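> Just so you know, the protein sequences line up as chains A and B, in that order. Okay, so the first sequence: first residue is 1227 according to my numbering, each after it adds one. Okay, so the second sequence: first residue is 89 according to my numbering, each after it adds one.
Hints may be right or wrong, so weigh each one.
Quick look at which bits of chain B chain A covers, simulated, 3 or more residues with Cβ under 8 Å [claimed, not checked]:
no., stretch
1, 162-168
2, 232-241
3, 343-356
Heads up, incomplete: computed chain B residues facing chain A, CB under 10 Å, no partners named [what the hints assert, rightly or not]:
no., residue
4, P98
5, D102
6, L118
7, M121
8, A122
9, E201
10, E205
11, A208
12, L209
13, F215
14, V270
15, L272
16, A303
17, F583
With the Cβ distance kept under 7 Å, some of the chain B side facing chain A (calculated, not the full set) [to be verified]:
no., residue
18, L143
19, A437
20, A438
Hints were generated in silico from the structure; no laboratory data involved. From a predicted model like this one, the values you see are computed outputs, not experimental measurements. Cβ atoms here follow ideal geometry from the backbone N, Cα and C, with glycine treated the same way.
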Amino acid sequence: MFESVCFYLCGGLMLLGGIMTVASRSAVASAVWLIFAFLNAAGVYALLSAPFLAILQVLVYAGAIMVLFLFVIMMLHGPVMNEDLRSRSRWFWPALALPLAAIAGSAVTLLGRARGGAFPAPAPHGFGRAEQVAALLLDRYLLAFELISIVLLVAIIGALSLGLREGRRT
Amino acid sequence: MFETLALNAPSWSDLRHFVPETVLVVTFLLALMADLFARGRRPAGPFALALGGCLVALAAAVSSLPAGPRSILGDLVVVDGLAGFFRVLFPLIGAITILFSWASGEIMGPRREHKGEFYALVALMAFGMCVMASAADLIMLYLSVELVSLTSYVMAGYMRTSLRSTEASLKYVIFGSVSSGVMLYGLSLLFGLTGETTFVEIRAALLAGRADNFALLVAMVFVLAGLGYKIAAVPFHFWCPDVYEGAPTPVTALFSVGPKAAGFALMIRFFYTTLLSPGGGQAAAGAAAPDGVIVGPADWPLLIAILSVVTMTYGNLVALRQTNVKRLLAYSSIAHVGYLLMGFLMLTAAGLEAILFYLLVYAIMNLGAFLFVIALNNRLGGEEISDYAGLSTRAPWVALMMMVFLLSLTGLPPTAGFIGKMYLFAEVINRHWFWLAVVGALNSVVSLFYYMKIAKAMYFTPGERAPLRLEPLHTAVLILLAAPTLALGVYWTPFKNFVDRAVAGFAGLGG
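Chain B extracted, bound-state conformation (with noise of 0.2 Å):
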């Protein structure tokens, strides 16, 4: 630990490829400050400012790629492939948030001072993600999530007056720091069997043979419980419908596709560097071990199967039961989350392409649900399917943009989703999981009828005729967000190309 502190240690130049991060805390500070002067119903030099911050970002993240395996700031973030493709992903989720929340009732409409925080908030929010995705030690692990987990408490309990808003923050308070502490003790023991701190290093102890297998399992098991929260995976959900049917909707849509996307990050990151040997493929403590079983190749991705499995099943079936649209979709994120696991258990470079993948696709179909949720909120004062009646006639527009994420959500063609699906289960099946890939279709197909359940409402059931008019900006964003889910169930190939170029400059699979 001690002869390493020498060889790299952080040094100015280093920020050179922490270009969108800094760019985003000078952000997040800016717009902190601009809050204070700002005057009128509007914050509106906070809101240009994260804006601007976000976009600037996420231009700076672009123009980095492709960003080589380079280990930076005292080897405590690494920037590859990996971390590149997210850096570019979390800017995009935090500008389009921002956007969307400018005209969003729940958002400006309580009396409040300082609502310009909110968008320093979703800045700063876009910083931890990209952070969780980069970091390559443990100390950078805990102190990343512990500062996405913090800033969406606050985001949580922004409507103030409201009871369920409280309530969703005060609940998410708590199961967060419990499973963060879990978290910790498992980090804690890791560092007492290795003595590193850094995940290549780990690697290297592990190989060596310096841990104990059961010891290991224990620590393994319960950082699997930190991020298995931060993921929402069953059984580490408990906060999720909770804290997504009480937080003002435009934070629940960042919600159901940010922290996610980063825990996965972390999670690839951690798990594919520490347990994995470089040549890839291979579960390496397993084979270094002298009794295998219990770290060994066998069982890891058994153990995650298994996760998929119940986290899909149990998503799609409370799904089922669900009135509230803002419940259904928590339920339904849930169900994504087992999907995602199914490649994350693959071990292979294609399972990784088709996870980053099918997360860029889910955080545009996602957004894309939850803005029409915060559209119609704003002019309907709800959020039950039952307030959709007539829809289709009400703003026949609107309707068939919902119609086309719910289809996407659904994972049918012609929309992003199904492809977005079809790299997930070709890999499944590829490797042989055939079991696996037939609990996913038929989770599919459950998840069809509660999606459904809400295009019934809009087409099928009679209701209010007069015409309904949503905001501008709500429109504008909805086309934005509704036009790539039907171009990319088309024409896909450069976003393929993306995401496999980020996966090739992965370093956890010796890219």
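The shape of chain A in the complex, shown without the other chains (with noise of 0.2 Å):
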């Protein structure tokens, strides 16, 4: 019972933490409100009995991440938001509300409908401990975890290639 108000609880802050992500008008309330939505994931996680990824939830993207994103924002400094952006089309409301309504409706059904059966399946025994997340990293889903850093490659790759800024420009 314990368990699941907290699941509860923080399934619906890290909803509110997303949306709010999303919502706000400053880039730094947006990074902060992430931040908070990462802290409740970690908590789900924990809550799943998966507590080195809860751990490394905090660390690595609560932590590092969005520190270095807060970095990126302030050395921009000011707005970077320019007028017309900032204001919302009057189609935000409904873009918001649709998606979510599906999303609550499909999560409401799917739980009305599990009526006390294997849906959430107990964990084994020993699962989620650091040992086994690296058994299962370094073994099974090697290919995965190699294909993963390929694709980071990529996004770096991009993420130079769309920004850097023309050299002589003309």
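If you follow the hints, you should be able to join the two separate chains into one complex; please do so.
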């Protein structure tokens, strides 16, 4: 009982954080809301008996990556959005509400139908410890692990290729 | 999940069956490094490396045939007939793209550092598409789709200084991330329902009746949305015309055949493996679930049939109004997805054979049509239909070759497109989907109008008379693509046999 209360609390707060990230008008506020969402995601991981993942989530995402985000925002200091981007189109709320309603609807229906079944299957013994994550990552899912490194490489190339200012642009 | 840990652990020796993919990755890395040292207006080093790598991968893929069904690298990928077919197709598409980009003004023209990146990315995209075609695990499914998408975003925005190209890239990123988020939600539901990530094990769990029907429907529809975006089926197509128009034309040519074919490969493997029983022909989940209405045998084909009809009708009707040839070909490619989906919902070996054959033919003729646009863009600087006025007197042979591609895209004899459509429609009629066949045939008639709009401009609208000379490389590749488009319309048996063997070796149909 206590666990489910915590779970829905974390889940709800994570959702709030996500919505506020998108809806905030200032970039710094968005980043802080994202940290909030990440921390709650870590809580959800912990409740799903994945403590190692929860720690990583806090250290890597909420810690390192978001601090980097904040640094970049501060280096670009001042308002980075121009005025016409700041005003929301009148489709903003419908565009936000529709997918939320769809997801909430399907989630509620799914939960209703999972009456006492094995939908959230109980975690096996020793699940979520660092050894197990390492074993999966470096053994069975080795190829996927390597593939991620290539995906990240492309992302870096893309960021550089699209973001670099033209050297001698005429 | 954990008991299989030691069973099929990945090993170095598995890489023997993964040679084409390995070659393509190494090619990507080498071309990327060579680009750092490239000097001069055109990056010869990366070009040669990427082209060579694609050809070596092609040779490796051909020599590995017939690829017996083999689950390798921790059961994350399957090398079987289907994967074998696609890993011949993708390096080939990559090589052709690299070849005609070399002389394209849009790719090599703009002042830009590191032009060699383009060739490296084409090789990487070929790799990603090969992995899509052989992915046998939810994680590989997602990662390979993401790899191909990310590469696509970079390539769509290749012309940094062009507003249209940047806009295309941004639109692609936004639509792409939304649809991959939706797909990820579907995949996580599927994992939650079955507790498995491998397609085969998901099927076993579904056969055992472990999943709720409604939840399964939601999960599968979400996955379908993600993959439907990749193949640009209506209603997931909104990005397609803008991206096709804004991206550099060689990139558009690649997008219109490569990721589409890869999306189909993944869709075939995913849906056929998870929702069909090993015997083939019967939807398994419906038979095992207590109320088999939602995921049952009757509904999935009908859902796909509706998707197919909407896709082809929308694509063809909107294409009628286009004046920009790139946009016109974008909508025509949407329509072709509709035809291909007809084969997908037959759930038979003959249907799959028809899809693969059509994908092969479609790759050749659509690359040809786009190459024509590239070659003329270099000379005329535009791609409106009116730009092609009087082309039959200015460059008669080029106009004739375009005519061949257009006839083939319409599906008229004696071209390869006719044979491809014949196999598709034959199977649709064999399975008694008469209304679908009628709609498909009517759609082909509609498509004749807009393809012939281009032909009319070339042959009957008077224009400039000065002869037009194309880049020799472009002419050569055009001939290379026009010849099989004609030849396959007359003698197609070897290719049909090749496709038949691929389907016979597809693990998902119990082969």
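> It remains to establish, for every hint, whether it holds in the given structure.
Results of checking the hints against the structure:
For the stretch 162-168 of chain B, the stated coverage by chain A holds: 4 residues have a C-beta nearer than 8 Å to a C-beta of that chain, and at least 3 were required. Counting residues of the stretch 232-241 of chain B whose beta carbon lies closer than 8 Å to any beta carbon of chain A gives 6, which reaches the threshold of three, so the coverage claim holds. Only residues whose C-beta sits within less than 8 Å of a C-beta in chain A count toward coverage, and the stretch 343-356 of chain B has 0 of them, not enough to reach three; the restraint is violated. With a least beta-carbon distance of about 5 Å to chain A, the hint placing P98 of chain B at the interface is held under the 10 Å criterion.
About 9 Å separates the beta-carbon of D102 of chain B from the nearest beta-carbon of chain A, less than 10 Å, and the hint is met. A distance limit of 10 Å between C-beta atoms decides the matter here; for L118 of chain B the minimum to chain A is near 14 Å, and the interface restraint is violated. This hint is violated: M121 of chain B has a C-beta 12 Å from the nearest C-beta of chain A, more than the 10 Å allowed. This hint is violated: A122 of chain B has a C-beta 14 Å from the nearest C-beta of chain A, more than the 10 Å allowed.
Using the Cβ-Cβ criterion of 10 Å, the hint placing E201 of chain B at the interface with chain A is satisfied: the shortest such distance is roughly 6 Å. Here the hint on E205 of chain B is kept, as its CB sits about 6 Å from the closest CB of chain A, short of 10 Å. The restraint placing A208 of chain B at the interface with chain A holds, with a minimum CB-CB distance near 8 Å, inside the 10 Å limit. Hint status for L209 of chain B: holds, given a least beta-carbon distance of 8 Å to chain A, under 10 Å.
Hint on F215 of chain B holds. Least Cβ distance to chain A is approximately 8 Å, under the 10 Å limit. This hint holds: V270 of chain B has a C-beta 9 Å from the nearest C-beta of chain A, less than the 10 Å allowed. At its closest, the beta carbon of L272 of chain B sits 12 Å from a beta carbon of chain A; the interface hint therefore is violated under the 10 Å criterion. The interface hint given for A303 of chain B is met, as the beta carbon of that residue sits about 5 Å from the closest beta carbon of chain A, less than 10 Å.
The restraint placing F583 of chain B at the interface with chain A is violated, with a minimum CB-CB distance near 32 Å, outside the 10 Å limit. Interface hint status for L143 of chain B: violated, as the beta-carbon distance to the closest one in chain A is roughly 21 Å, over 7 Å. Against a cut-off of 7 Å between C-beta atoms, the interface hint on A437 of chain B is violated, since the closest Cβ of chain A lies about 29 Å away. Look at A438 of chain B: its Cβ only gets to about 33 Å from chain A, farther than 7 Å, so that hint breaks.
The structure does not agree with the numbered hints 3, 6, 7, 8, 15, 17, 18, 19, 20 stated previously, though it agrees with the rest.
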